[in-house]
Structures are given as C-alpha cells and as structure tokens.
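Participant: Dock chain B against chain U, hints included.
These protein sequence lines map, in sequence, to chains U and B. Anchor point for the first sequence: position 337 equals 337 in UniProt numbering, and the numbering is continuous, going up by one each time. Anchor point for the second sequence: position 335 equals 335 in UniProt numbering, and the numbering is continuous, going up by one each time.
Everything labelled a hint here was simulated from the structure, so no lab data went into it. All values reported here derive from a predicted model rather than from experimental measurement. Errors might be hidden in some of the hints.
Said to hold, decoys possible - Calculated lysine to aspartate or glutamate pairs in the DMTMM-like style (CA-CA distance at most 20 angstroms, straight line):
id, chain 1, residue 1, chain 2, residue 2
1, U, Lys94, B, Glu274
2, U, Lys475, U, Asp368
3, U, Lys475, B, Asp342
4, U, Lys475, B, Asp317
5, U, Lys17, U, Asp68
6, U, Lys95, B, Glu250
7, U, Lys95, U, Asp423
8, U, Lys94, B, Glu284
9, U, Lys171, U, Glu220
10, U, Lys475, B, Glu274
11, U, Lys94, B, Glu250
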Amino acid sequence: MEAAFGRTAPNIPRVEKGAPLPHRVVALGDGAQVLVTNDAGEFMALDRADFATFAAGRLTPDSPAYDDLVARHLLLAGRPEVALRLLATKVRTKKAFVQQGPALHILVPTLRCHQSCLYCQVSRRPIGADSFDMSPETALHAVERILESDAAALTVEFQGGEPLLGFDIIKLVVETIRRRAPDRRVTFSITSTLHHLTDDIAAFLAEHSFQVSASIDGPEDIHNANRPLPGADAHRRTMEGVALARRVIGAANVAAITTVTRRGLHHPEGIVDALIGAGFPSVFLRPLSPYGFALRSARRTGYDMDAFQAFYRRALDRILWWNRQGVEAEEAYAAILLTHILTPFHSGYVDLRSPAGAGLGVLAYDYDGGVYASDEGRMLAAAGDPAFRMGTVRDPLPVLMASDAMRLIATGGVAEDLPGCRDCAFLPYCGSDPVHHYATQGHVRADRQPSDFCRRHTGLFHLLFGLLLDGPLEKQALLTRWGTQRLRPEAAA
Amino acid sequence: MSLPLHTFGTLSGDFAAPHPLKVLPLADALTTELPFDRVAIDLRSDPVGGVDLGALHALGFAAALTADSRGPGAALPIFAGLRRNDVVAAGDVIGVTARTGRIGVLYRRGADSNSLFVTERCNSLCLMCSQPPRNEDDSWRVAEALELLPLIDRNLPVLGITGGEPTLLGEGLTRILVGTAEHLPDTHLHILTNGRRFADRRMVTAVTAGRGRTTWAVPIYADTAARHDQVVQAPGSFEEALEGIHNLAEAGHRIEVRFVAHALTVPRIMGFAEFVWRNLPFAEHVALMGLEPMGLARRNRDVLWIEPAEAARAIADAARHLATRGMAVSIYNTPLCLLPRDMWPLARRSISDWKQVHAPECEGCSVRDACAGFFLSADASWRGTDIRPVTNETPEPAHAR
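Okay, chain U solo, but in the shape it has when bound:
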C-alpha cells in the first residue's frame, strides 16, 4: 500500500463496482457487529452478514452500507488514484508528528521528594539527600538540546522527584528559554504535589502560563494512605496548593492526575466525585506503572488489568453523569483516544504513536545530565537497565538520535510492523510503545497481544466504540465533545 501512495498511476482503470480497500477488523461486543477501520482511522461497524459480503468484495451499490463504506475509503469505487491520494493525505495528517523533531522535553530538576508513595514509579530520593539535584550547568546544556529540536511548538515538562524542590532550576530553564527563543511557541508544564507552592512560585508559573498537573489520588483517605506523610496531611496540603494555583494561575490550567492503586480500585465513583467535587475540569486516571519502585512493590499495591477495566468503566460513566448535571469535565486519557478515533488528527500524545514517540517525539533529561528516549526509559535506568539512555545533555541532538537506544527503539517502534498490532483494527488509534514492552515483555518487538498495555488499550477501545456506536445519543455527544474540544477555538482560548 505504501508504494501505491508514493507514485502517481494515471492509467489504472476505474473501479466501477466497490472493491475493499486495505482495512483491519475486530468483532465488537457480543460479536454481532464487526468494526472495520482503515489506516487513516476511519471506521464503520457492519453486521455479520454485511461484513461477509463486504469482505468477499460482493457488496453492491443498493446495499445501505455501500455509500458509507465508499465515502470512508473502506470500499474503492471510481478512479483509484483519487481514493489513494485522499487516503494518503489523511494518513499524512494523522501521522504529521513524524515530520518534526521532539516536541516534548521532560526535565527532572531533582530526584528528591518529601513523600514516599507506595507505588512510586520514579525512584525518588529522600528530601535531605545530596547530589540528586540537577546542576545549573546541566540545566543550561539541556536548554541547548531543547532548542535544537525543530518542532513547531515545544512543551517543557518538569517532573521529579518533587520538581518544586528544584525550583531554582525550573526558573533558570524557563528564563533561559524565554531569553534565547522569545519567538518560539513553548508551553511549560509541571506535575507536582504542590506542597511547596508559594505565592512567589505561583506568580512565576502564572507569568509563564504553566499547565499544572496536581497528583491527587481521590478522596482524602485513599490519597493519604497512598502517600504517607508524618502528619498524614498530604491531601490537605495538595488541596491548599491547588487552591493557590487556581487563584494565581487559573482554574482551567490546573488538572488532576490520579494513580489508581488497589485501595482505590473499588471506589471509582468516590474518586471521581472527589476530583470533580474539587472542581477539576480534567482528570487523568492512570493504572499503576510497571516502572521503578512500582514494579518492585507490585505485589503489595498491584492488580490485574481486568480489575482496572472494571474500575475505569464505572469511573467514566460517573464523569459522564457529572456532565449530564451540567459539569464540564473529562477523563484526559479517554479524550486522547477519542481524538484519535473521531478526528483526522493525532492528539500529540507521545505514548500512543506509531512510529513510537520515544526519542522521536519526547526526550527526558535526568537530574544527572543523562538523556533518555522517554521518562520510562529514565525509570528503567534508575532500576539498573540503561537500554534507553541516548547519551548526555552535552551531546548534540544528531548524536543522541544516532544512539544505540534509538536503534533499539526503531526496531520495535512501528506498530504496523509488530506482531499483535499489525492486524489490529485499533492500530490507527493506538501506539507501539517499545519502551514499555521492553520493560514488561523483555523485548521491543515482543508480541503485543499478551501485554498489559494491549489489554488495557483494547479494553478502552471496546468500551469507547461500544458507547460511540451503540450508546445513548447523549453519551455519544458528550464523548464527541471530549474528543474534539481541544480543536474548538473557544475551548483553546
């Protein structure tokens, strides 16, 4: 198919009777319907009989599904070069991210953190430890690398540890970028407990239009149990930080990021209500990550993916319930998947790309100057495996890009070429995530089908397509709003 896209073929005869174009299929729900998708992410659900006729190439124009299939480039009728040209444009649009260098730059100002969360994925260090802070010199080298990327819009994200413990580095990085590249579009973001947010820091974050993600695990009891502190007041202190951030930076710029632990698993409504009740317009419900300390503590805090699916289904339903009460809120991950399903565009999310986002879309700068192809690659290194270490902040971008780590990613980065992905109907909306599969399955090219990543995402796609195709119209409209709201001008403003 790729070859046909690249050349013009003016003498291919017209196709008068619809012939199937390249597509992938999956049975939905109880199997009465089959979802058919193309490389551009266009889709249609067919009943079994229509699907059999379609797949056999015998669907005729008098079939009610015929025109829809032709219009969505699942059937070919007319001049093949026109259909292929439109499809090629759509695939280019969907994968436009490959045309530019890394847009997301994750920077770790310090590994220190004052909390010791049960599931910590980032191998944090105690607050008093020395030599786990990024030096100003390292930070300035990182800025050089960031500005080397030709991405049209850059995002610089500060993580930790608790990044606010390294605020001086944040300040240095932001001000240096602003001074060095006043005309570039740069978005700054931070993921933090906000325990160390002060009036001065908040004013600085507001001045530079930071997007803030507050780590909140739901209601106070769950949050405090997940995030033990001597005073058992982690939740109260985070909410105080949230209040300050909203006041100074703006409520629309403060989102919640929630890690779902075994303790939270049975309380989806309680967690959603706590977050939406606290006024968050966007919540991100994450399963436990298999990295760093999280991997080691999995026996204590972990659960299987079916349990997460059950949690997530109820949580999603609860957010939609709030929407119907007139409360604007979304689950951020569903919104990303819906953007992939319902629009011609990609969301930009680096972990759901093919070719993979690791290294190509994102770079992670560790406190010690190590540069990794993703934040997960950094965590893996902290656990002893430097496979995705590209080099150091002193290496120019082309050198980093030519590293062994990138060669490794390249061999497992294209989902269209991977076992478990290449025949999957959800492929156009998903990603290859070679770093995750290296970490969990032992190889960047590992068969995806048995992986927790695959089970999580196929579960999400079945859930969302079920709602989009057969759910109540009201839910369809709400989910459409989630998937498209970043495209609407009034929402972007």
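Facilitator: Frame of chain U; chain B shown alone:
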C-alpha cells in the same frame, strides 16, 4: 431591502465610450487620481445651471448625471431623469448602454457584497443552478472587468468573482487576478468555482497571482461521486473537484466548501459533513446553504423540492457536527425561524441586499433584522408552511435528533 442593480435614464450628448464610469460628486471628481474620461460627475443635487458643463467637458470628464435634462447642446454627455435615483450613488461604478439608456451598477460602494461576473459559460450544469450557463463567447466580460478594477474603491474588503465557471477563462482569469493585485492589493478575493479545472496543476499555476489573498469556494454536494455527479450533471466532476481542491491547497491556496441543501443532497448531508471533516479539514470555511429558487432550480422543482423546514433541520445537524469539531461553519439562505437557537450564531444574512426581502409571514418577528430573510424570487410556494414570526414565546423548531 432589495435595491435593483440597474435603472434607466435619458441619455443626451455624444456618448461614444463604452467604458465603465466612476460616479463621483464634483468636488471628488476634480481631485481624483482616476483618468477624467473614466468619471461621470454626479450633479443630481447641484442647482441646475450652477455648473459649467462646457468646462467639465474641456477637462475631459466622460459624462454627468443630472436631475433634469440640461438643455440640448451641452458638449458633455448627460444621463438625466433616472427612473430610480437611489440605484446609483456616489462612489459606484456604472456601465451605460447608450442604445437603451440602461445604467447598470457594476460596483456599489458600501454594499455587503460586490462581485465581478466574469463569464456565463460553465462545464457543469447543476440541477439547481440559479444562473444557468450560456455557451456564448463572452470574453468581453474579461475586458470589462479589467477596466472596472481601477475604478473600485481601494478599501473594499472583499471582492467576489463569479460566473459561470471562472476557470474556463484560463489566461483571462490570470489577467483579472493580476489586475486585482495591482489595483486592489488589500482586497480579499472570494472566487466561486466548481474546482474541476484545478485537477490540472497547470490551472493552479495560472492563478498563482491570487495565492494568499483568495478563497476558492468550491461546491461539494455529497460524500460520494454518484450523488455529487448527479447533482452537477457531469460525470467525473466529484473526483476532479477533490483533486482540484487538493492541488490548490498543496500550492498554498485557501479553500471554502459550499453545500446546497435540497431533496437530492439532504439524505446524505451527515455523510457529507463527516467526509469534509475527514478529507478537507484544512478548508477554512464551510457554507451550508438553502436553495435559491432561480434559474434551473425553478425548472427542476420536482426533483429538488423539500420542505425548507426539513432542509433547515438537516443543515443545522451538519453545521453542529462540523462546528463541534472546530471547523468554521456558516448557514446561508435559511431563515432563523427554521433553525434551532444554538445554530443562530452560525446563520448569516447571506442574501445580497439587492435581492433580499422579508415575507408577509415575518410581520411582527423580533429577529427580522438578524435574519437572512428570503430571495426576492422565493414566493410563498417556495417558502413552505413553517415560516412564522419569532417572539419570546416561540418554541424551538422540532429537532431532528
């Protein structure tokens, strides 16, 4: 309200030049940078005999408009006794037919739309065409347009170019675009084209002079070739138009997609909306339009007729589909009383002022001034049975979903 685009007057004197003329009051005429032989001086409010016509003639002015005939023998040609004085105003550009005394307005200062009508020829034959094509050599229109361009006010925001199919002019269209670049460098062009000729990249090259300051408004009437080609009565035109749009867009041109709702297009309007969203998301504007009951639309009423309320519901659903997704959408030629209120912000007063009216049913309507109203040609049989005044108590129109 509708103000005609022509009137008649009495012509006296030796009027030979068939050029378009800029109408200017005396003070402006004397200071204009335009050649005097392209200026008709508007003396209709000056006292009779107060101006020395001989002197104006000596200066080289082309003609004067006067309230009454100013006595024979004036060397300066005179247009007098206009049937409707309000048709022509200062700043307008007029074309005069000496034989009949017809004075046509080619450009109207301050009008909500001004267009160059550049050809009557077309390579499609849309079932609802309001301006049925005529296959005659009308290349004189290019010459007229080129003479008209220097007379148009430079601060004009938007100039339409329409036909017929402007791309059939080939190199003539190139000359018009070069002319607009020279005389109206700050004016945006809005050009109606069926897009088919742009399937040939050479045609795209021929309109390079318009790049960046032109919106090419291309009609797409369905999400499948079969239905679109049926509407435009030209096999292959759907694919040609799509290739044309892509060729234009790849060359950096700006695209508007236009859709007309009638019995043949409404059944697939949601498919159309999704098709545009998936295939043409780069279009800067989508215009969803009600039918103009003129020309072929009247002749083909049997195949096109649909209750305007049903067409409006379909248009509203398609508009909502696209607007939710962040596309810029406008609803044209559709009265507000047929649209759900959430779509009112997208409804435009789209009908050119010279052919726009309100209906007797509109009496007492509170949103009349914001409403598109009707085409002058839309008699009661075209307006359907659902037009009624909107008041605070008016319920929402029944919703399709």
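Participant: Each hint needs a verdict: does it hold in this structure or not?
Facilitator: Hint by hint, here is what the structure shows:
{"no.": "1", "hint": "Lys94(U) / Glu274(B)", "in the structure": "holds, 16 angstroms"}
{"no.": "2", "hint": "Lys475(U) / Asp368(U)", "in the structure": "violated, 47 angstroms"}
{"no.": "3", "hint": "Lys475(U) / Asp342(B)", "in the structure": "holds, 19 angstroms"}
{"no.": "4", "hint": "Lys475(U) / Asp317(B)", "in the structure": "holds, 17 angstroms"}
{"no.": "5", "hint": "Lys17(U) / Asp68(U)", "in the structure": "holds, 14 angstroms"}
{"no.": "6", "hint": "Lys95(U) / Glu250(B)", "in the structure": "holds, 17 angstroms"}
{"no.": "7", "hint": "Lys95(U) / Asp423(U)", "in the structure": "holds, 18 angstroms"}
{"no.": "8", "hint": "Lys94(U) / Glu284(B)", "in the structure": "holds, 19 angstroms"}
{"no.": "9", "hint": "Lys171(U) / Glu220(U)", "in the structure": "violated, 31 angstroms"}
{"no.": "10", "hint": "Lys475(U) / Glu274(B)", "in the structure": "holds, 19 angstroms"}
{"no.": "11", "hint": "Lys94(U) / Glu250(B)", "in the structure": "holds, 17 angstroms"}
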